[in-house]
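S.K.: Each chain, letter by letter, is given below.
2 protein chains.
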Amino acid sequence: MKIDHLRRAGNKLRLLDQTRLPGELIYKELDDYRDIIESIKRLEVRGAPAIGIAAAYAVAVAAHQTDRLEPEYLVEVASEIKAARPTAVNLAWAVDRVMHSLREVDVMDVEKTRLSLWNEAEAIHEEDRQMCAAIGRHGAELIQDGWSILTHCNAGALATGGIGTALGVIYTARDQGKNLRVFADETRPLLQGARLTTWELQQEGIEVTLLCDSMAAMLMAQGKVDCVIVGADRVASNGDAANKIGTYSVAVLAREHNIPFYVAAPMSTWDMAIESGEQIPIEERGADEITSGFGKRTAPEGTKVYSPAFDVTPIRLITAHITDEGVKAGGRAG
Amino acid sequence: MKIDHLRRAGNKLRLLDQTRLPGELIYKELDDYRDIIESIKRLEVRGAPAIGIAAAYAVAVAAHQTDRLEPEYLVEVASEIKAARPTAVNLAWAVDRVMHSLREVDVMDVEKTRLSLWNEAEAIHEEDRQMCAAIGRHGAELIQDGWSILTHCNAGALATGGIGTALGVIYTARDQGKNLRVFADETRPLLQGARLTTWELQQEGIEVTLLCDSMAAMLMAQGKVDCVIVGADRVASNGDAANKIGTYSVAVLAREHNIPFYVAAPMSTWDMAIESGEQIPIEERGADEITSGFGKRTAPEGTKVYSPAFDVTPIRLITAHITDEGVKAGGRAG
Numbered sequence: 129m130k131i132d133h134l135r136r137a138g139n140k141l142r143l144l145d146q147t148r149l150p151g152e153l154i155y156k157e158l159d160d161y162r163d164i165i166e167s168i169k170r171l172e173v174r175g176a177p178a179i180g181i182a183a184a185y186a187v188a189v190a191a192h193q194t195d196r197l198e199p200e201y202l203v204e205v206a207s208e209i210k211a212a213r214p215t216a217v218n219l220a221w222a223v224d225r226v227m228h229s230l231r232e233v234d235v236m237d238v239e240k241t242r243l244s245l246w247n248e249a250e251a252i253h254e255e256d257r258q259m260c261a262a263i264g265r266h267g268a269e270l271i272q273d274g275w276s277i278l279t280h281c282n283a284g285a286l287a288t289g290g291i292g293t294a295l296g297v298i299y300t301a302r303d304q305g306k307n308l309r310v311f312a313d314e315t316r317p318l319l320q321g322a323r324l325t326t327w328e329l330q331q332e333g334i335e336v337t338l339l340c341d342s343m344a345a346m347l348m349a350q351g352k353v354d355c356v357i358v359g360a361d362r363v364a365s366n367g368d369a370a371n372k373i374g375t376y377s378v379a380v381l382a383r384e385h386n387i388p389f390y391v392a393a394p395m396s397t398w399d400m401a402i403e404s405g406e407q408i409p410i411e412e413r414g415a416d417e418i419t420s421g422f423g424k425r426t427a428p429e430g431t432k433v434y435s436p437a438f439d440v441t442p443i444r445l446i447t448a449h450i451t452d453e454g455v456k457a458g459g460r461a462g
Numbered sequence: 129m130k131i132d133h134l135r136r137a138g139n140k141l142r143l144l145d146q147t148r149l150p151g152e153l154i155y156k157e158l159d160d161y162r163d164i165i166e167s168i169k170r171l172e173v174r175g176a177p178a179i180g181i182a183a184a185y186a187v188a189v190a191a192h193q194t195d196r197l198e199p200e201y202l203v204e205v206a207s208e209i210k211a212a213r214p215t216a217v218n219l220a221w222a223v224d225r226v227m228h229s230l231r232e233v234d235v236m237d238v239e240k241t242r243l244s245l246w247n248e249a250e251a252i253h254e255e256d257r258q259m260c261a262a263i264g265r266h267g268a269e270l271i272q273d274g275w276s277i278l279t280h281c282n283a284g285a286l287a288t289g290g291i292g293t294a295l296g297v298i299y300t301a302r303d304q305g306k307n308l309r310v311f312a313d314e315t316r317p318l319l320q321g322a323r324l325t326t327w328e329l330q331q332e333g334i335e336v337t338l339l340c341d342s343m344a345a346m347l348m349a350q351g352k353v354d355c356v357i358v359g360a361d362r363v364a365s366n367g368d369a370a371n372k373i374g375t376y377s378v379a380v381l382a383r384e385h386n387i388p389f390y391v392a393a394p395m396s397t398w399d400m401a402i403e404s405g406e407q408i409p410i411e412e413r414g415a416d417e418i419t420s421g422f423g424k425r426t427a428p429e430g431t432k433v434y435s436p437a438f439d440v441t442p443i444r445l446i447t448a449h450i451t452d453e454g455v456k457a458g459g460r461a462g
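One line per chain: the protein sequences are A and B, in this order.
Numbering-wise, the working numbering puts 376 at position 248 of the first sequence, and it's gapless, one number per residue.
Numbering-wise, the working numbering puts 395 at position 267 of the second sequence, and it's gapless, one number per residue.
In case anyone wonders, no lab produced these hints; they're calculated from the structure.
As the structure is a computational prediction, the values presented were derived from the model and not from experiment.
Each statement offered as a hint is correct.
Identical chains share a label here; the pair holds if one copy fits it or two copies do between them.
Once the Cα atoms are required to be at most 35 Å apart in a straight line, the calculated DSBU-like pairs of lysine-lysine come out as:
#1 456 to 130
#2 432 to 169
#3 432 to 456
#4 424 to 130
#5 424 to 210
#6 424 to 352
#7 424 to 156
#8 130 to 169
#9 130 to 432
#10 210 to 140
#11 424 to 169
Turn these sequences into a full structure, and let the hints guide you.
M.R.: Structure, rendered in structure tokens:
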């Protein structure tokens, strides 16, 4: 894996600004947790697992921004970080976990507190690497030599702390000697497919063809897709999966064309506290992402937009969930 | 109708350069048929009926570019014009029709030949106005007060010589006093929905909300769409309809959500010479339309793309065809 987009660097968080890809490779070293929150909000770091890791590191970074580590300070910091984006469950989960690690620590001891936060954040990162590897191993068993795989958005190394979820399955299958080809939906409005998935797969030497989201149906009708694999930002306990807007559309189309539809995500993405996808909060993004998406105004001033950042794919459209604990059959017949 | 984008101006063709919308209103007066071909190729004028009208005028314009109107010259010109774009049947149909008008004319008489070409082109234009009006009348009967209508691409005044096909239905229903709201798919890669439909509907005072193509599924799942109306570039004799890429996707989604799906197009768009949509040639567009949308590179250099300009919606997904001759039931159950 050549991609190294997110890691601890001393007492800072080093990240690749994904909003600048594929044109520019800009690495930032952040020593202010508020800058990390901004990076999360601006999607400089994105993907549910990567957001969780960045958020965990942000708490550790924040612990260096004051001399007196009052519990109130950390609680306030944790709360600010958790509010950065609403849909991914990993964000709150990771922040809560580094905070819980302090239960064993004497919070009057500033150095031990900082150490504990960094250790827990690094543990979360390492576990994410392991989860990606496990998802890759389980998922690769579903993939046959010679397949063409359609994916939506970016659920790759750039979205996680490891080899990725959906793309991790593809890397693992490739490493087993399978010859694969990927079709990447460009993924409007922010073009994560065009900017990130295409770039990432090229870095990793996998053949990729880019298409507009609206072209996936025809590609399927022409028999050019053997399976679909996507990631997830949050999975409800019944298996309904929230992922990048457009995923639900691809799932309906996959069933129409009898193409298996897989969701690859670690169990930490599953929110067992909610029964179904209807309870997943969906972030609305600003109008400019649609009306000025290419740096140039492409719709009249003042145009009203509809712009949910995610949609929910019901379990009845999912062939199987690929998790770090194994493959779970979904609700789709056939 | 405030929009006046395409008409004869003396011995020239005056057209609104639609590639510059919505930012700039640039009208061109073209006195060289090769420039009209370029305008068609570059989508400065687009939409199957408008392309046909522009092509008919192009033959008349060409007749002023030589002093000696040899039949060979006009046949060569006609052939060049017909090759501008492959999918819309109106283009070849309109060119053939102005050429056939010469059968009654003494081709040694240059002035009479020119007059006949202009007259026939203007007749085609006027008939298109009438066809749009008839489509509007027939289609409006299907539309109920208070409905929200989803459309894809631009099948409006800007795509025709009249009030439009899909949007013509909406204008007519509105003029009958029905309160309507339109959702416009942005329509990648060239954003005709964002640039043209949004602009056109705002000019005509109809409430419009813009969304990315990938968001239509969620909009439908939320119960926010009462019907879909789109245009067509060519309809096969069995009712399969070729239209802007992404239309087939919307048709699958409309059936999934039990939303009526209507195709509005004049009978001149029907190609009775072909049995089914499989025989409709589909134009492939260049990679740059996807990888460098609007001036900024959004995918790595050399990225391979899949970019059909059209797709075919099979009759089984069409609730009804709205034509100038009336509404014809489609093949969709329910």
